[in-house]
Amino acid sequence: MAKIELTRIPFIKNALKSRYPQLAVFIVMLIGYIFAILAGLIGTPVGSHNFSIVFVWIAWWAILILVAVPFFGRGWCAVCPIPLPGEWLQHGAVLSPPDKRPKWLNLRVPKMFRNIWLQNISYLLLALFSSVLLTTPNITGIVLAAMLFAAIGLSTVFERRAFCRYLCPVGGFIGLYSQTAPIELRIKDKQVCVTCEGKPCYNGSSAGYGCPWDVFPGGLTKNTYCGLCMECIRTCPHDNIAVNLRPFSADLAKPSTRMDEAFKAFIMLGSAIVYAGVLLGPWGMFKDAAYNVGSSAWFIYAIVFLAIIFVVLPGLFTLGILNTKNTLPLKQRFASLSTALIPLGLMFWVAFSLSFVLTNASYILAALSDPLGLGWNLFGTANAAWLPMLTSILAPAQTLALVVGLVWSARTAQKSANEAGTSSMPVVIYCFVATSLMLWLLL
Amino acid sequence: MRPTPNTDRPTSPNLMRFHFSLLLLVMAGLAVAFVPLPVPAITPQERTFEIDAHQFAYSPSELKVNTGDTITIQLVSADVVHGLYVYGYDISVEADPGQSATLTFVADKPGSFRFRCNITCGAMHPFMIGKLNVGSNSWLYRSIGLAALAVFGVTVSKKPKA
Chain A
94 MAKIELTRIP FIKNALKSRY PQLAVFIVML IGYIFAILAG LIGTPVGSHN FSIVFVWIAW
154 WAILILVAVP FFGRGWCAVC PIPLPGEWLQ HGAVLSPPDK RPKWLNLRVP KMFRNIWLQN
214 ISYLLLALFS SVLLTTPNIT GIVLAAMLFA AIGLSTVFER RAFCRYLCPV GGFIGLYSQT
274 APIELRIKDK QVCVTCEGKP CYNGSSAGYG CPWDVFPGGL TKNTYCGLCM ECIRTCPHDN
334 IAVNLRPFSA DLAKPSTRMD EAFKAFIMLG SAIVYAGVLL GPWGMFKDAA YNVGSSAWFI
394 YAIVFLAIIF VVLPGLFTLG ILNTKNTLPL KQRFASLSTA LIPLGLMFWV AFSLSFVLTN
454 ASYILAALSD PLGLGWNLFG TANAAWLPML TSILAPAQTL ALVVGLVWSA RTAQKSANEA
514 GTSSMPVVIY CFVATSLMLW LLL
Chain B
69 MRPTPNTDRP TSPNLMRFHF SLLLLVMAGL AVAFVPLPVP AITPQERTFE IDAHQFAYSP
129 SELKVNTGDT ITIQLVSADV VHGLYVYGYD ISVEADPGQS ATLTFVADKP GSFRFRCNIT
189 CGAMHPFMIG KLNVGSNSWL YRSIGLAALA VFGVTVSKKP KA
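First to last, the sequence lines map onto chains A and B. Taking the numbering used here, the leading residue of the first sequence gets 94, the next gets one more, and so forth. Taking the numbering used here, the leading residue of the second sequence gets 69, the next gets one more, and so forth.
This is chain A alone, in the form it adopts within the complex (with noise of 0.2 Å):
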């Protein structure tokens, strides 16, 4: 399938273009991101019944794990507002055209910090705790205000968008699974790019400011670290920049060399694993493990976690493509076939997230209606029983899951082993183990 250019049509490339409609829909967001913070530290402590939970661990997941991040990549990150209040103040502006005076001390982030090895340790340590994140109001709202304000502290402190490109424990998987999605943002002719004089998509003009991402366009191959904020549309004074359409998982035909985004595949894998077995499974002890944190089994568990994601998976993975004839050295051969795990990863949180989002989604009514749990009846809603929805469907539509993903992992392991010179067969049998895993822990 050819790329289909989304910009060519005028309607979506003035939408883009202008900044009043992302604008508009980042302060809806902001305006419901602040109210998840309030609700979650007055509303009521019950977390089914509170608008930072329902809002926040039902609806926005359910939204970003089966709709946004398969189809739209970073589409979330386009009108996330948790960098907004941070940008503003780095700007010194909300709208206006920039000033290139830097207003605060506008450092660039040390080297050693610009891979995403900060996003893997800033989502393990919400993992560890996220079975009382997932189920307390309190907790929720004082780390969605910490992530705000992680963000602003690190808006005055370095350059452009540092949070979102180096520490969001969200944006991290986000960009990684992006690669699968049949979205993108490109350049259309390179040649323009390397005579483009100043070079203002990166650097900024008076039409914009340089990517709050800290990226090249005319350099961009994967959809990892483009935002999709949509500024350099805004800036490239050659209108070389289009939003196309095109194959799912097109980024993933030239696999990564990078370790630490290979263990942002496992790191992803292994806690939809874990997930599915504590949340999901009958086994009561590994709930209050779980759930009772500082206590010596939520030590084991947090132990077991690691264990799973560092040691058990990456290891017998490791074991798989050991023998493996290739010329590579192990390391990037590691890197390079853990690409197929991302689509793999994907389906399992998809697998789970339909579980986890249709057995309570019937809680979105009540808290739309009451959504700090004072009694209130605002759409008359409020008494809204809970009632688990589709659950007939469930469990073909999660074995669908699986294995369309398992076939896809199949086909990106035989892609990447070409690439590498390598077979794709333990790569293949390593998913297929694990899927089996996924499905007896979901069945």
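Hints listed in this document are in silico derivations from the structure and should not be mistaken for laboratory results. In this text, a Cβ means the ideal position worked out from N, Cα and C, and glycines have one as well. Be aware that one or more of the hints could be misleading.
With beta-carbon atoms standing in for the labels, derived distance ranges [claimed, not checked]:
no., chain 1, residue 1, chain 2, residue 2, range
1, A, Asn296, B, Gly213, 49 to 59 Å
2, A, Thr314, B, Phe220, 28 to 38 Å
3, B, Val94, A, Pro330, 45 to 55 Å
4, A, Pro114, B, Ala99, 46 to 56 Å
5, A, Lys418, B, Ala99, 35 to 45 Å
Just a sample of chain B residues kept apart from chain A, beta carbon distances all over 10 Å, derived [what the hints assert, rightly or not]:
no., residue
6, His87
7, Phe88
8, Pro108
9, Gly203
Covered, in the sense of this in silico footprint (three residues per stretch, anywhere, with C-beta under 8 Å from a C-beta of chain A), are these stretches of chain B [claimed, not checked]:
no., region
10, 117-128
11, 179-186
12, 212-225
Could you slot chain B onto chain A? The hints should help.
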């Protein structure tokens, strides 16, 4: 100048073979997913389970019965009010603290079903989950079969270059 013929274009026998293989795989997949399996004839029995419910688990948390069995669940709540809602059967029961409540039904739908607390009972309430297996969990085996078939299909088939 005469245009160079595109040698990458799939030849029609190759394409036909690919489509035929794909059709075979889809048919095999449908067979794995839906062909009825022989069910051993087991005389239905009456079974009673006492389930202890406490924050945030059931004990026992997994029940195994045969298709057609009449199940009686005595739910005993140890701490706060708990419920038990059986997915697929869409029936439920609630027990007050220290009290027991009874739910009786015929397990006439085979498969694996989650049951869950349907009365808000604390922070981890949405994850207070148990499992009811009626007969063998054939959908799991069928799903693993589908996964194996998918791997086989991907491994042996190479799509002709377009």
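Evaluated hints:
| no. | hint | in the structure |
| --- | --- | --- |
| 1 | A/Asn296 - B/Gly213: 49 to 59 Å | holds (57 Å) |
| 2 | A/Thr314 - B/Phe220: 28 to 38 Å | holds (33 Å) |
| 3 | B/Val94 - A/Pro330: 45 to 55 Å | holds (51 Å) |
| 4 | A/Pro114 - B/Ala99: 46 to 56 Å | holds (50 Å) |
| 5 | A/Lys418 - B/Ala99: 35 to 45 Å | holds (37 Å) |
| 6 | His87 | holds (17 Å) |
| 7 | Phe88 | holds (19 Å) |
| 8 | Pro108 | holds (21 Å) |
| 9 | Gly203 | holds (14 Å) |
| 10 | 117-128 | holds (count 4) |
| 11 | 179-186 | holds (count 5) |
| 12 | 212-225 | holds (count 9) |
Checked against the numbered hints listed earlier, the structure breaks none of them; every hint is satisfied.
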